Structures are given as structure tokens and as C-alpha cells.
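> Residue strings, one per chain:
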Amino acid sequence: MSERTRPIVTELERDRYARIAELQLGDKKILTPHFLTLTKNYYEFQNTLELTTETNAQNIRGGVVRLFDAKKIIGTRLADLTQSRMDAIGRYVEEAFRTFLDRTILVVDPATEYLFYERCLPRWSDDRTLPAPILEYARKCLSKKEELDSSEYPKWKEAYHTLFWNKLSKDAHSRNRMIGEIFDLELAYRSTILLPPVPVIRSKKLMEISILINEVSQAISAGRSAECASYFIIQQSILDDEELRDELVRYLSRTPTRIVVLKFKYLNLTDAGRVTHLASYESLLQQLSFLKEAAKDKVFVGLENGYQVFPFAVVAFDIVSTSMTGYDGDSAYGHGEYGSWFDPELMVHVPFEDLGKICRNNHNRLPCGHAMCERIDITSVDADSWNTSRRKHYVLTMNDYMTMIQKAIRDRKIELARDKLINSDISRLKKLIPRA
Amino acid sequence: MVTIQIPKVLPVKEVVSMRPQDREHYVEKIILGILEMNPRGVTVSEIARKTSFYRDTVAKHLERLVATREAYSVMRGNVTVYYKNGQVVHATDVKDTTSSDRTYTFYKLENEDGKFVYIQEKELDEFRSVRVRGGIMIDARYALQFLKELQSFVLGDRRDE
Chain S
5 MSERTRPIVT ELERDRYARI AELQLGDKKI LTPHFLTLTK NYYEFQNTLE
55 LTTETNAQNI RGGVVRLFDA KKIIGTRLAD LTQSRMDAIG RYVEEAFRTF
105 LDRTILVVDP ATEYLFYERC LPRWSDDRTL PAPILEYARK CLSKKEELDS
155 SEYPKWKEAY HTLFWNKLSK DAHSRNRMIG EIFDLELAYR STILLPPVPV
205 IRSKKLMEIS ILINEVSQAI SAGRSAECAS YFIIQQSILD DEELRDELVR
255 YLSRTPTRIV VLKFKYLNLT DAGRVTHLAS YESLLQQLSF LKEAAKDKVF
305 VGLENGYQVF PFAVVAFDIV STSMTGYDGD SAYGHGEYGS WFDPELMVHV
355 PFEDLGKICR NNHNRLPCGH AMCERIDITS VDADSWNTSR RKHYVLTMND
405 YMTMIQKAIR DRKIELARDK LINSDISRLK KLIPRA
Chain G
164 MVTIQIPKVL PVKEVVSMRP QDREHYVEKI ILGILEMNPR GVTVSEIARK
214 TSFYRDTVAK HLERLVATRE AYSVMRGNVT VYYKNGQVVH ATDVKDTTSS
264 DRTYTFYKLE NEDGKFVYIQ EKELDEFRSV RVRGGIMIDA RYALQFLKEL
314 QSFVLGDRRD E
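Chains as they are written, first to last, in this note's numbering: chain S, 5 to 440; chain G, 164 to 324.
Mixed in with the good hints, there may be bad ones.
As the list claims (entries may be wrong) - Derived Cβ-Cβ restraints for the label pairs, each shown as a range:
1) G/S315 with S/E54: 47 to 53 Å
2) S/P158 with G/P202: 55 to 61 Å
3) S/A83 with G/N274: 41 to 47 Å
4) S/N60 with G/R218: 57 to 63 Å
5) G/H253 with S/L295: 28 to 34 Å
6) S/R10 with G/D264: 19 to 25 Å
Calculated directly from the structure, the hints in this document are not laboratory data. Note that this is a predicted model, so its numbers are computed, not measured. Glycine is no exception: its CB is placed at the ideal position from the N, C-alpha and C atoms.
Chain S extracted, bound-state conformation (with noise of 0.2 Å):
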């Protein structure tokens, strides 16, 4: 009788390769193909909160966060909801929160790539409640850092991540206590779906490790008031191995879970010349596309899209996730006084700089229908209210995005989305949506 907690995936309207389905995860219903915000920082999951519980937007109804970053944006508003403070007009202060709980998805992503990518490593080693294993790791790695010189380290790195994840692989008692209690961490964050520790994919070796964790995962799971997902960090060129990526859907085909999450690292589709590397994921997606129409009460749910959100959101995933700037690379965003705009019809960014041209026809307003961005004076407007604008910008254009391609599948016409892509300025990745 604990099926209850089990999602529901019901599927409502297909035209072809798309489709629109509604997802019930528990008390939470949700249309897809929807947009889920990756936040990085307490004012982003504040932006988040704001979009989500003040607006009518239907389909950016939830939000990402990093675990290492969830005790700062999350864990302070935990500890809030058991007191109850007033602001200046009388409502709850933490009510935004509680609603957004309430109402939305909230996925805690372990974000185990970042004991690869060491952006983020420093953070893991701040956090005492992570299990032993990754703060041995984190703190390691940082002395190390110190010790050698930097010619060697990278060397060094390599082996002992790859040590990492061999020995966690065999030693089944580290593993599945780490496992536990990564489980218990996002659930104590309130996450709505579980999502396994896994290696992003490097090899055919960490394959073998990411599938092996899943397996596991799903039995540690049991008894737990979210579903366990079945979890694939990508390495962007590494889809290009044919044998891989079939193993990947076989897995994908064979597992009882019902949601499957694939997160992309650095994926960038639009650069020119990279012919391969989006057949490969052209035939990815057109894969995983069958899968869904094989499975109907399967859901897909890919992170860190970049600029491919909108291919991917037609074609193959029913949720899909970028961060809130739209960058998903670490180190893309965050020079600059002014950050660049989102352009809805181009779906590239604009620098900021570049906008006084754009907006000089239209009395130096954006060229934008949300309300929020018909308000904003391009030649008056601060530092902090443009960079909080921009990024609700950009979620609200997902939102349009996702709506868009729900009334695209109901009026049987998603070749339109083809067409959308073909009038940007990442026209290429229209190979990724089929012309039939």
C-alpha cells in the first residue's frame, strides 16, 4: 500500500515525438513539459520563491538546488518555518516558503560531478553533515592542492578520483551507508524526488559504477516518502561512443523507475563544427523520445540543458532545468557590472551593452511582453535591479517556452518548434527535433 507515494505520469495529448502528460508526486501535480530553476545562491531561490508563488506562471513551478549549497538556501528557511515572524504588512515571513514547499517540485541534486569538476570543491568540505566519505575526499584534495605544484596536481586528481569511486564501487559497506545518507540529507531538505551520489561518466568504467549506484539506490530507497530516480551525470563529448549510449538506453529501457534524470555537463551544441558530437545527441534523444512513447508512465527530467533546453524540452524530456542565468557553465557568468539578456526571439544572450541598440525604437524598453521587463529603462536602470530582472526574465521565457510547446502538441502543429529554432541564432540545433 506504499504505492501511493509512487509518481503518476498520465499522458494527455502527443502530436509525434512530443507530448504533454500531467505528473502527480504526492499532493504535487504539474503539466509538462515544465521548467525547473537551478539555484545557486539564497537571492536566486528568493527570485525562485517570488516566480512561484506571486506569478501565474504554470510551467516553472519548482526549483534545483546543489546539496552542498542547500544548507545556506535552504536549511536557514527550514529552521525559520518553526518560528512564525510577521513583516511590515502582516504576512508570514517564511509564508512563500511554506507555499512553495507546498505546491512545488524541489529536487536536491547531490552534484557528485564537483568532486570532479573542483569549482565547488572548497563547499564540500565546509558542510559537516555530508557523509565521511566525500569530506575525506574534499579535504584531501585541497591539501593536496597546496602540497603540489600545479603540473602534478591535475595528475594526482585524476587517479584519486578515479581510486574514489573504484573503491566505493567494491567496498559495498562505505557505499551504501554514504548512499543512506546522502537520502537522508535531501529529504531533510525536502526534496520531492531522490537522486543517487553518482560519478559523472567519463568511461565505460564509471558506467558501470553510475549503474551499480542506481541499483543499489533504488533498494536503499524503500520505505522513503520520495521516489528514487534513476541518476546519469553526462560528460558532454562522451555520447559520442556509440556502445556507451546504447548501454545508457538499454539500462534506461530495463529499469523499473519511473522518473529518470540525465544531467549534461557543459553541454554546448551550438558551436559550430561539432557535427558528430550532435548526431550523437540527436540520436539520444530520438532514442529516449521511444522509450517515453514505449513507457508512458515514465518521466524524463534532464539538468543543466544550456541552450538546448528547448530542443530537448520538444523532443525527448518532460521537465527540463537550466540555472537561472541560463548559463550552465561554472565560470560563464558573474563578470561584469551588467549580465546579458536573454532574448526570447534569438534564444542566445544579448550583452547588455548590445541592448541600447536594440531598445532604441522602442523608447529604450526591452523588447520583452512580461510586465516585469516593460517597466525596466534600459538607460536608468541599476546594477542589482537589472541583474535580479534579467533572471527572472530568463525564467519567465522558459515558462513562455514550455507553454508554447504545450499549445503546439494540443494544436497537432510541433513542427513549429523547428521552425522556432530555424528563426534563432542557435538555428543548428534544429537537426535535433525530427522534420516528421
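Got chain S; can you put chain G on it based on the hints?
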């Protein structure tokens, strides 16, 4: 001898390497799965033989499932046979407004003994794991009478206050 059906079970090495609380949940899930797959009933020995679980572990979990009314047992000679407690016809959750972590799930069940109303008390622990704390089964024919008795009991209590 009839062979019982079992779901896919992890190797022993993996099961014994889990934390005790995770192992408990997992074993219970497997045993529930076995009960579901074998509507003709199963015994402790059959489950122990087909899985890697110890007899005592299986017996303990089956007893718990009977206590929370997720399963029921019937004595056949000197053997106890366990069954999943009926087919769920309808289910609904009722949140306890005095405690955000407690939920009562009402089920309408049907089994070979008839129709029943089954109320299950579920609680979330500190790590948001669902635990069935207890259950009560009422014959559907007696359910309304039971409600009246309960109402009169509760109101009687209030008068005492």
C-alpha cells in the same frame, strides 16, 4: 511443492552492507512484494528459502505487517500462511492537522472475507521516511455503526472535560 514468485532481490553482500534502518525498509518492501506476487499465500520458510533473508528476520517482518494490518495470517494445520491484506479499491489521505508529519490513509479493501475499511496511521521520521505506525480494519457493513460509536465516545469525552 509450489514455487513462490519473488521480486528481484539484491545480493546478500549488498543487503547486509546497508545501514540497519535502510535494511529494515528494504526487507519489508521485498516481503510486501512477495505477498503481492503470491495471492495464494506464503510461509516464513518459503520466503527464507527463496531470498537471502534469515527465517527470524522474515518472521519478524511478517508479524509487523500483520500487526499494522498490511497482511493477515491463517493457520493451516501447524503452518502459518501469510496473505496481503486485500485489494485496494479506493484510498485517500487525511492529514493530521495537529502534526504535520502524521497522515491517516483510509482504504477500501476487498479480500476473500469480504469488504473492509482499513485505516492506516503513517508518520514521517526526522529524515522524511514513511513509517506505518499502526492500522485498524473494520468490516464495511459495520463501518457506519462504528463511526456512530466513535462519535459518541469522542463527544462523551468532551463532556467529561
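> Which numbered conditions among the earlier hints are violated in the structure presented, ordered from lowest to highest?
When the structure is compared with the hints, none of them turns out to be violated.
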